[in-house]
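Participant: What follows is each chain in one-letter form.
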Amino acid sequence: MIKIFRILAIGVFLFVNFNSLLFAAELEDLKSEVQVLREEVKSLREELRAVKKEQPVAAAQKETVTQVDLQGVRTEVETLRDQWQRTLDKKTAQTTRSLTFGGTVATRYTQTRDETTKSGFSLSSLILSFKGNLRRDYELGRNLDYAFSLSSDTTDNYRVKPLDAYLTYSPLPSLDLEKPRLTLALGQQKKPFGRDPQTTEEYKPTLRSAQFDTNLGLGTRDIGFIAKGDLFPIVDYGFNYRAPLFEYAVGVINGAGPNTTDNNNQKDFVGRIGINAPVEYNSIFRGLSAGISGWTGQKSLSLGSGATAITRRGHKNRWGYDLAYNRTPIGVTAEYAQGTDATLSGSVANPVLGAVKSDGYAATVFYNFGQQFVKGFKGQNRYDDWYPLTYQPFVRFDSWDPNTHLGNDRINVTTLGFNWFFAETTKLQFNYNIVKKQDKSGSNGSGYNEFLAQFQYGF
Amino acid sequence: MKKLLNSLLIAGLLIGVTGVNSIFAEGKKPKVIRLGSAYGGGYGKPFSSGTIGIVHAKGLLEEEFKKDGVKIDWYFFKGAGPATNEAIANNTLDFGYIGDLPSIVGRAGGLKTKLLAAGSVRAEIYILIPADSPVTSIKELKGKKVGIFKGINSHLGITRILEANGLTEKDLKVYNLGTADIEAALASKDIDAGGGGLRLRDLGLVKVLLSTNPVLPGIDASLKVPIQWKPTGGLFVTEKFANEYPDIVKRVVRVYVEAAKWGSEEKNREEVFQLWSKVGTPLSQIKETNAGKTLKQLNTPLIDGFYVTHYKDALLYSKEHKFIRNTFDVDSWIDRSYLNAALKELGLENFWQPYEAE
Numbered sequence: 001m002i003k004i005f006r007i008l009a010i011g012v013f014l015f016v017n018f019n020s021l022l023f024a025a026e027l028e029d030l031k032s033e034v035q036v037l038r039e040e041v042k043s044l045r046e047e048l049r050a051v052k053k054e055q056p057v058a059a060a061q062k063e064t065v066t067q068v069d070l071q072g073v074r075t076e077v078e079t080l081r082d083q084w085q086r087t088l089d090k091k092t093a094q095t096t097r098s099l100t101f102g103g104t105v106a107t108r109y110t111q112t113r114d115e116t117t118k119s120g121f122s123l124s125s126l127i128l129s130f131k132g133n134l135r136r137d138y139e140l141g142r143n144l145d146y147a148f149s150l151s152s153d154t155t156d157n158y159r160v161k162p163l164d165a166y167l168t169y170s171p172l173p174s175l176d177l178e179k180p181r182l183t184l185a186l187g188q189q190k191k192p193f194g195r196d197p198q199t200t201e202e203y204k205p206t207l208r209s210a211q212f213d214t215n216l217g218l219g220t221r222d223i224g225f226i227a228k229g230d231l232f233p234i235v236d237y238g239f240n241y242r243a244p245l246f247e248y249a250v251g252v253i254n255g256a257g258p259n260t261t262d263n264n265n266q267k268d269f270v271g272r273i274g275i276n277a278p279v280e281y282n283s284i285f286r287g288l289s290a291g292i293s294g295w296t297g298q299k300s301l302s303l304g305s306g307a308t309a310i311t312r313r314g315h316k317n318r319w320g321y322d323l324a325y326n327r328t329p330i331g332v333t334a335e336y337a338q339g340t341d342a343t344l345s346g347s348v349a350n351p352v353l354g355a356v357k358s359d360g361y362a363a364t365v366f367y368n369f370g371q372q373f374v375k376g377f378k379g380q381n382r383y384d385d386w387y388p389l390t391y392q393p394f395v396r397f398d399s400w401d402p403n404t405h406l407g408n409d410r411i412n413v414t415t416l417g418f419n420w421f422f423a424e425t426t427k428l429q430f431n432y433n434i435v436k437k438q439d440k441s442g443s444n445g446s447g448y449n450e451f452l453a454q455f456q457y458g459f
Numbered sequence: 460m461k462k463l464l465n466s467l468l469i470a471g472l473l474i475g476v477t478g479v480n481s482i483f484a485e486g487k488k489p490k491v492i493r494l495g496s497a498y499g500g501g502y503g504k505p506f507s508s509g510t511i512g513i514v515h516a517k518g519l520l521e522e523e524f525k526k527d528g529v530k531i532d533w534y535f536f537k538g539a540g541p542a543t544n545e546a547i548a549n550n551t552l553d554f555g556y557i558g559d560l561p562s563i564v565g566r567a568g569g570l571k572t573k574l575l576a577a578g579s580v581r582a583e584i585y586i587l588i589p590a591d592s593p594v595t596s597i598k599e600l601k602g603k604k605v606g607i608f609k610g611i612n613s614h615l616g617i618t619r620i621l622e623a624n625g626l627t628e629k630d631l632k633v634y635n636l637g638t639a640d641i642e643a644a645l646a647s648k649d650i651d652a653g654g655g656g657l658r659l660r661d662l663g664l665v666k667v668l669l670s671t672n673p674v675l676p677g678i679d680a681s682l683k684v685p686i687q688w689k690p691t692g693g694l695f696v697t698e699k700f701a702n703e704y705p706d707i708v709k710r711v712v713r714v715y716v717e718a719a720k721w722g723s724e725e726k727n728r729e730e731v732f733q734l735w736s737k738v739g740t741p742l743s744q745i746k747e748t749n750a751g752k753t754l755k756q757l758n759t760p761l762i763d764g765f766y767v768t769h770y771k772d773a774l775l776y777s778k779e780h781k782f783i784r785n786t787f788d789v790d791s792w793i794d795r796s797y798l799n800a801a802l803k804e805l806g807l808e809n810f811w812q813p814y815e816a817e
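Line by line, the protein sequences are chains A and B.
For what it's worth, the working numbering labels the leading residue of the first sequence as 1, then goes sequentially.
For what it's worth, the working numbering labels the leading residue of the second sequence as 460, then goes sequentially.
No lab work stands behind these hints: they were computed from the structure.
Errors might be hidden in some of the hints.
What the hints assert, rightly or not - Just so you have them, the derived chain A footprint on chain B, three or more residues with Cβ under 8 Å:
(1) 529 to 540
(2) 604 to 610
(3) 674 to 680
(4) 749 to 756
Beta carbons are placed, not taken as given, at the ideal position from N, Cα and C, and that holds for glycine.
Let the hints inform the model, and build the full structure from the sequences given.
Facilitator: Below you can see the structure in the form of structure tokens.
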């Protein structure tokens, strides 16, 4: 029994000591593991500190935004809005409807040997224009627009007079390029006759209009109603190009000119039909067009003076045709117009109603060095105020016969010119005119040369 | 005097022996190289996306031609492909970076160009609708107002998507609008749908009705858009310039391939997308829309089997749908000589994986 107890005691002793030895070994392992972990934690803490140092902004951004902060931002925004509104009210011009405000100014120097004209500086054009929209149809583009402009009359001490004053309405949808278009215009506006008379100052290569334009009164404004439209448009989406096969314009006007009431009860009728080459953009025939125009009406004629004066009505007819090939960089235009104007002569007792027939023509050839007239080229993404520089030399021959029944009274003007477009709406123009007047006797006649330089800018 | 005469005689004989052309053609340089991109985005910024955007933003051509004193003029057209075509037609560009439809329309219309290298391949189309729109499918757009930028490369893909849903443009009220205008009209709900980017989606103003991008599915996922329908573009040169300055074209294409290589390395992913975001597209959206693509896929210049088939297919479709009146031979339009020379010179013949026609 004692033996058994001894053996058990020895067994317990050995077991306890063995476990102690095992525990001690594990403890050592654990201690070393803890040490390793401590080192890792230390290393991670250092890394974290380094990251925090590198990204202080990112850490700051993680801060919570409170309701108070939001309220502060809201107040700031409201304050800015009120300040902006006050500035807008005080410093900004406002209009009732949408408005585009612009103008054209041209300063000219003329050096001439014409005895009826003086050399020197002049303001050849002063135009202030306003245009905008009265009702916009976002869905179909059946818009109601307006145009109003003022011009100083350079022949009347620069007196300011209305130039354009009309409303236009598009009864047909105008947003779809493939559909025909129609606009109705009511008010004082350009007459739809020919090509040169309808070209605005901005696009005219020459400084002076063609003689037939001026002498037949084609380029002047008139008051009335004009419908303009086109049919069968050719659309080339690959070049964002649209050219209608037919263009038409027809109008009923006073025929008395701008800024005046009608001088008779009869109305004048004016119109033009044009045809464009039905081709795609890259065709050699792009820009080839032709048109025929007509204007018929009556004018009041008077003879004598005072109580014995008599008045009669007489016809006033114009017709013409035009041909153009305008394919950048080349441009060629040719135009003919003829006019018949009734005359009243003789005496009050025996008045004679007659007519004077006149005609004229002009042909212009120009070439563009530069991209001024390439539409897509001008629409670029740029930060600077870049604009394509363009140089446009041209030559024009302009002939006018004031009375076709009389011989040797024709006036021929040959113009050599150069236009320099150096900013979006600015150009410098030079014209050298060689004027030849036929002599009624049939001899060489007279003539003179003149030089004109003009600086034109728009805003 | 005698020496002078002798010198002139020797010079004359030399010219006669070697040929005038070989003396003057070598090293013939233009004063300026004019490049235009239709991928300028619609946001008014003078930058481009695509490989040409990398060439421009990193000034690689300026660097290449600095020693020759050749000026590099860049043009970024608001009117995208059609305006670029117009500029080429009016002889105001030497190189164009243009999408498939406008380049096909231009060539069919008689523009004398050569297709030099691929660019901006397999881009995505997103058809967007206002955020509160009840429309859930393309078919429901029938009779509705839809903004489409006509004439650009996505026009072709949108037409095909409509057709696959039994619609043509005539079934819709189509408004021909630019990218920024489509976004503005969608935001103001003046149109019911429009093709555009994802800028407005992140503002909560629009949602994607249909997407060609598998990683960004739209509401209407009924149509699995074939990869051949995705808009693709390329680098073009005018025949006139290529005939006059073949060495210059060779150098331009080499620089383009170098840019494509740099833009194909994944380590440059962040920088490439940052360069592209300069056009006005947010960086996050560029990352998102290209999430499933490698840079090699995005910037490959290879005119591979897929690319040629795409253009032939697009040409046929354009003719059938009257985008063009005349057709032409795509194979003779493509000039691989400059690209192959650049790949060989740079040792990149096997760098990009060509896509098969199928």
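Participant: Each of the hints needs a verdict: does it hold here or not?
Facilitator: Status of the hints after comparison with the structure:
Chain A is given as covering the segment 529 to 540 of chain B, and this holds because 6 residues of the stretch bring a CB closer than 8 Å to a CB of that chain, at least three being needed. Against chain A, the segment 604 to 610 of chain B contributes 3 residues with a C-beta closer than 8 Å to a partner C-beta. That satisfies the three-residue criterion, and the hint holds. Taking a C-beta to C-beta cut-off of 8 Å, the segment 674 to 680 of chain B contributes 0 residues in contact with chain A, too few for the three needed, and the coverage statement is violated. Here's how the segment 749 to 756 of chain B fares: 0 of its residues keep a CB closer than 8 Å to some CB of chain A, so the rule of at least three is not met and the hint is violated.
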